[in-house]
Every structure is written in C-alpha cells, then in structure tokens.
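Going down the list, the protein sequences come from chains A and B.
The letter at position 140 of the first sequence is residue 140 when you use UniProt numbering, and the numbering goes up by one with no holes.
The letter at position 107 of the second sequence is residue 107 when you use UniProt numbering, and the numbering goes up by one with no holes.
Please note: incorrect hints may appear among the correct ones.
Claimed, not checked - Covered stretches of chain A, going by a simulated chain B footprint (3 or more residues, C-beta under 8 Å):
1. 199-212
2. 224-238
3. 247-261
4. 300-307
To be clear, the hints were calculated from the coordinates, so they are not data collected in a lab.
Don't be surprised by glycine CBs; every beta carbon is placed ideally from N, CA and C.
There are 2 protein chains.
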Amino acid sequence: MNKLLIVGTVAFDAIETPFGKTDKILGGAGTYIGLSASHFNVASAIVSVVGDDFPQEYLDLLTSKNIDTTGIEVVPGGKTFFWSGKYHNDLNSRDTLDTQLNVLADFNPIVPENFKDADVVMLGNLHPNIQIGVLDQMTRKPKLVVLDTMNFWMDCALSELKEVMKRIDVITINDEEARQLSGEYSLVKAAEVIHQMGPKYVVIKKGEHGALLFNDDHVFFAPALPLKEVFDPTGAGDTFAGGFSGYLAQSENISFSNMKNAIIYGSNLASFCVEKFGTERMVNLSEQEVDARLQQFKMLTQFDIELAD
Amino acid sequence: MNKLLIVGTVAFDAIETPFGKTDKILGGAGTYIGLSASHFNVASAIVSVVGDDFPQEYLDLLTSKNIDTTGIEVVPGGKTFFWSGKYHNDLNSRDTLDTQLNVLADFNPIVPENFKDADVVMLGNLHPNIQIGVLDQMTRKPKLVVLDTMNFWMDCALSELKEVMKRIDVITINDEEARQLSGEYSLVKAAEVIHQMGPKYVVIKKGEHGALLFNDDHVFFAPALPLKEVFDPTGAGDTFAGGFSGYLAQSENISFSNMKNAIIYGSNLASFCVEKFGTERMVNLSEQEVDARLQQFKMLTQFDIELAD
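Same shape as in the complex, but just chain A (with noise of 0.2 Å):
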C-alpha cells in the first residue's frame, strides 16, 4: 500500500455562520486532510501538535479512519491551536475573531520512521520553515509533493515560501493568493508566473467557482457542485488536498489525465465537507454518497460532442 505523509494543523475551531453557531470543535488543515484521503486505499500519517487539552476521543477517531497519529506530539501541559472566525452571508469571506497559536508556535515536525520514505507528501498550509522541514526529514525522494499556503505566509514569509515552493510539484493556493503570489490579475497568467517559481502543476481554487489545474499548456476545470445549500466553509480547500492528494497515493499515476481524475475526487469530497458544520459530514461519509456523488459530477461536467481530431 502506497504511502501518504499529511502535515498540518490538528486544531480546535469555534465557527459562525448564518446558520448557527458551535463552541470548540474538532478542526485543523491536518484533520480535514486526514479525513478526505481516509477514502482512498493508502497508508496515511498525519505530522501535527497539540496540548493535552486535545481530547483523546479526537485522536481515536482519526484512528479508526486507519490514520496513524504518532506523528501528532502530544505538548505536556499545552494548549491545542485555536481559531473561531465568523462566516458573512453569502459564506464568500469571513472574519478572523481569534487565533490562538499556543503549542503551534514552537512545533517542531517530526516525520515517524515508518513515512520517511512517503510516496506522496501533502504539506497542509503552515509557515513554510516547518513545511521545509518535513521535506528534510525524507530518506527517499517522493513522488509527489503537494503544497497548500495562504496570503498570511506571502505577507510575512514570503522568500521562506519561495524556498519550499522551488522542492514541490504541485501548489494548491485560491484565485486572490494566486494573484497576490503573482502579481496577475488573469489566473492563466497568474499561474504562469507561479508555475516558473517550482512547482510543475498549479491548482487554484475558487471555492463555489470551482477550481483550475495547470499544467504547461493544459487546463483542466471542475465546478463544485450547486447545492441547495451551504452550510460551513470551513476544511473545504482541505478537504479538497486531501482527495487529491489521496487519489493520487492510491494510483499512482501522477500524468496530467490522472491529476485531473484527482481534481473530480477533491472536489466531490469537498462538496460534501460543506454541508454540515465543521468535521461532522467528513466523519460521517460513506463510501456509497461518494461514489453516488461522483456520478452526480460526470453528470454535471460530461457531454458528448463528436469532434474528429
């Protein structure tokens, strides 16, 4: 079985949205990651931190989704990484109300000695010293690396994000970072741009929009899904990764076609991840929706133009 390395935050969130409202809930890029790729048939690590406020059910639960934890450190006497933001109505944007970093400012990533020689490597969105770190940790170069950042690293680090960019095949980053990273406002430039800083395939997100996988001259694109209803943002472009990054350990094959067979799994993941607040659909997902919502994609997206080539 293939092998995939996650790191990322394993977290706490307190979440608003038009809808409703939840105290201290299991969250983190690392968890929704680890949940996503939980459907594919590969042997997953998760490298993250918490305090011993992190409740034991949480790690059991991700255990019983044959994810190892070893790789999350347990910090005697810490407190577990914690954000709560706010959702505006149309669930587009939202407002930070706090962050609170605590064991997370001094994680120092440790890869388990059983995923050194991880196949695919999925660097959730952390500063990039630690991402850069996980990478030195390898014993055997991966087959794939895939990289999720946001405009908080471009803004204060931003040459340590060039640096791990240059060792990473795949960069998964929304339409306003990628012009930001860029400084382009059309995402074929954009990812043009980006493309000369590392990394051989771009995939920008547009959340409702949909998302672009470039790759050289190839574009490849997949909608999200319309739903009746939204309910909370929150781990979608995580779970998003997660597919992708899971799909792609399952089979293999890292070609342009195979990638974007991994975009439709992220995306269809991800339509799920929305639906309920915070992990609670993720947990709860069996194999039938996902492949009755795989249907609902081709369905969606596929049609049969005759064209002679």
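Following the hints, position chain B against chain A.
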C-alpha cells in the same frame, strides 16, 4: 433548413475598458445573437429597429452572414438606439454612461411572413411586451422559445415579464438576476423558483465563472474558457444565447442531453467574443477556430473516471 427567429436590439455602442475605448460601433443584443447563430446551418432573421443613421454597411454585414434583415425596420429620420458603458478594472462590473432609446422607444416588432413559422424563437433582452408581441405573431407554436432578460425589467415591468415567462421554454439570466427574480441566494433554489414561473429550462450565466443549466433535478455546468486576456465582455451573454439557440435550431433535438451540447457551443462562441472590442472578433471568426476551441473545451472539462451504473 430550420428557421431561427431572433428579436433584439441592433444598435450603436461606445465602450470603455481598461484596455481602451471605442467610438460608436456596431452593437446590440440582436446583432451579437445573429453573428453567433450564423455559425450554424439555420435560416435566421433578426427583428429589430434602427434609425436612418444606421450605416447600410452594417446591414450588409449581417446579410453577408446569411442573416435575413428584412425584419429590421429602418425609421426615416429616426436615430438608432445607443448605449455607452465603462467597465471596471476587473471587467466583471460596469457603469452605464449613456442610454438613448431613440427609435427603440416606439418599437413595434413586425415578424417577416416567412419567419412566422420559425422552429426556434430567441427573444433577446427587450421590454417583455415586445417579446410577447413577437410570440403573438407566430402562426405555429415554435418548437423552442428562449428568452433573455435582465434586472431592469424586473424592476420596472415585472408583471409583464412574468407573463412572457409563462410562454417560453428556456430562460437565460445571470446569477444576480436569478437571485433577484427568485428571492433565493442559492442558485439551485433560485432555479427551482424560476422553473415554477414557467420555463422548463433555466440557464444561469455566471460570466467568467461559467453557466449552469437546470431542468427539474438535472443540472449541467459549463465553465468559461480561462483566457489570458479578456478585452471587452460586451455581448458575451448574447453571443452565448446565439450559440445556444442556433445550435438547437440546427439540431432539432431539444433533449436535456443535447441542451448540454448547446451550452458548450454557446460558451465556446462567447469565449471569442470577449477577445476584442465589440463585434470585431465575431465578425472575423472562422469555423476552424471554432472547432479548435471546442476541442479545448473538451480537454478543459472531460475526464475518464469509470463508475458502475
């Protein structure tokens, strides 16, 4: 050969974008629809009105594209409808600088005798009473009636708009207008409400974010082709409608499955429209270019995930 009857403005536009500005040039929904539909094997005619300030060369241009212009009334001493607008930097929004209705104020559409039995009627964006006036002249129920409209008529002629909506098969409308007309934010719910108002098919145009086709529980999505540069969005929605209705008039098959193809043909033609100012790109568009870009649309959207049925 099947007949396509087009109703829409034939007009002068003056356009300003971040890339430059034009003097009075050829414009109007009827013009864009006609130019787009001319890429299909149909007999098409435009019903419209202009003043005698409208250059004969513009009418000749339409005729050269095999568009019947006998339904374009030329009002002696009248002035042609004029619209002027300025696009913002992101090209997604614009300010109207000037609107001179001129001969359009008293427009009484006259459908040419030989198009009163048209197979497909494309009602371009105009006062709903004019759209009804055209339908009243048909001597045979068309196989398909497509209506385009805008928020302006929702604001000032809503009851008339609701009347014409009861007599059409397909409505094309943008996302903000769909929300206004339905009172629903979710486009899935908006389409349901609009469907209840009459049209069996609801097409929601999202500009650079593509277009959605709804029919009961079925939904199809076509992206806009990602372009390095969008030069001038004027007429893109009408070009989409012209490709959609022209393709359906040609193929005679109005199943949902074939309507998907029509959405792709419309999106494909619209992708050219925005590449130059006004109608310039559409006037000089070869079938080879259209076919090559259809191939790009397939590569952009088609994937090969096999699923058990």
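Tested hints:
Here the segment 199-212 of chain A counts 4 residues with a CB under 8 Å from a CB of chain B, which clears the bar of 3, and the coverage holds. Counting residues of the segment 224-238 of chain A whose CB lies closer than 8 Å to any CB of chain B gives 5, so the stated coverage by that chain holds, three being the minimum. Here the segment 247-261 of chain A counts 3 residues with a CB under 8 Å from a CB of chain B, which clears the bar of 3, and the coverage holds. A count of 7 residues in the segment 300-307 of chain A with a Cβ less than 8 Å from any Cβ of chain B is obtained; the coverage claim is therefore met, three being the minimum.
The structure shown violates none of the earlier numbered hints.
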